[in-house]
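These are the residues of each chain, in order.
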Amino acid sequence: MVANVCQCEIQIEHNGQLRKEKVKTSSNTVNATTLRQQMLHFFKVGSPIDDFEVESDEDESWTLLGLNGDRGSVELDGANVINLNDYSTFRLTPRTAGGSPEAR
Amino acid sequence: MQAALDQVLAQTGIAPALLSVDQRPAGTAVVWLLTDLTDPVEAIARNAACGSTPFVVHPDTGKLVRRLTVDAVERWNTDLLVSRMRGDRGEAATPALVGSIGRSGRLAMDTSGVPPLLTAALFPRDLRPVQSAVDPDRMRRIAWVLLSVSGGTDDRFHFMREPGDVFSIERAVAVGHSGSSEKQIRMKARALIAEADEDRHLIELLQHDRYPAAVWDA
Chain H
1 MVANVCQCEI QIEHNGQLRK EKVKTSSNTV NATTLRQQML HFFKVGSPID
51 DFEVESDEDE SWTLLGLNGD RGSVELDGAN VINLNDYSTF RLTPRTAGGS
101 PEAR
Chain B
1 MQAALDQVLA QTGIAPALLS VDQRPAGTAV VWLLTDLTDP VEAIARNAAC
51 GSTPFVVHPD TGKLVRRLTV DAVERWNTDL LVSRMRGDRG EAATPALVGS
101 IGRSGRLAMD TSGVPPLLTA ALFPRDLRPV QSAVDPDRMR RIAWVLLSVS
151 GGTDDRFHFM REPGDVFSIE RAVAVGHSGS SEKQIRMKAR ALIAEADEDR
201 HLIELLQHDR YPAAVWDA
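Protein sequences appear in the order of chains H and B. Going by this note's numbering, the first sequence wraps up at 104, each residue one higher than the last. Going by this note's numbering, the second sequence wraps up at 218, each residue one higher than the last.
Worth flagging that the hints you see were computed from the coordinates, not collected in a lab. Mixed in with the good hints there might be a few duds.
What the hints assert, rightly or not - Within a straight-line C-alpha distance of at most 30 Å, the following computed DSS-like cross-link-like pairs (lysine-lysine) qualify: (1) B:K63 to H:K44; (2) H:K44 to B:K183; (3) H:K24 to H:K44; (4) H:K44 to H:K20.
Unchecked claim - Partial selection, computed: residues in chain B whose CB lies under 8 Å from chain H: (5) R46; (6) A49; (7) G105; (8) M109; (9) D126; (10) R128; (11) A133; (12) Q184; (13) M187.
Yeah, the Cβ is synthetic: ideal placement off N, Cα and C, and Gly gets one too.
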């Protein structure tokens with residue numbers, strides 16, 4: 001079994017709906033790219049990723065947010081080390097030409 | 001073909017009850033070995049250690065058998081074949097995550113055994129639903145269907161990395177003894193990912209019990 005190291009909620013805004021799932025993780029820390037890929041894989045969202053192509057703009061079409069109650073949300077894209085215990089919820093939101101959801 | 005196999009068995013002292021030998025193109029063959037295993041969940045869990053001689057469901061008989069794929073018939077009397085018949089994979093008990101391949105984290109390569117294996121995770125390796133328990137009947141159906149899918153292909157199989165955890169089931173494919181080109185490995189990897197997605201869809205259908213149990217318990 002995956003060690004129940006950390007529990008959190010993951011969310012994705014997709015097709016106008018907010019999908020949610022409570023999950024357990026196998027480690028306390030992860031980088032933003034890995035977490036984004038794992039969340040997309042979990043929700044089966046996004047076009048198939050060619051593992052062997054260099055990273056493209058398409059991979060950056062989701063913004064990863066860390067949410068923690070009253071403290072609001074923090075954009076985590078590009079973070080090398082995310083401590084999963086620092087946030088209760090992680091959310092993927094579609095990135096638009098207007099910038100991050102924070103800026104909209 | 002059968003005579004050659006009998007000769008190898010006589011040389012090695014291995015006497016598995018042989019089910020059949022299917023000749024394939026390019027000097028390859030598939031040998032089906034009878035087993036006394038009847039529990040598909042145990043079979044898919046034991047595949048984590050069986051490696052290249054995995055348990056599958058025989059496409060014709062519907063029985064749990066072990067499938068030995070022989071690449072080159074002329075090498076049948078080698079130590080390699082003996083090792084594979086015994087299901088040895090050296091020290092490794094479970095296909096190891098020797099290295100993740102690509103960017104998605106779904107693919108891994110295990111070079112600890114012969115032949116090397118390329119494996120694809122059906123579900124994210126590091127994120128699992130908190131409510132992830134699957135009842136034994138459904139687990140049995142899932143294992144049975146996946147082992148049947150494995151039996152219908154030449155060189156692929158399924159294994160369960162963590163016993164009893166449906167979310168740890170992975171799909172594996174051998175990548176050849178004498179080394180495969182980078183292009184060949186990439187092609188296999190792409191196919192493996194697509195097939196893993198199909199497996200996951202199958203599991204999700206079976207988890208939601210959309211089919212009558214009688215179909216799978218027959």
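Which of the numbered hints above does this structure break? Result: hints 1, 5, 6, 8, 11, 12, 13 break, sorted rising.
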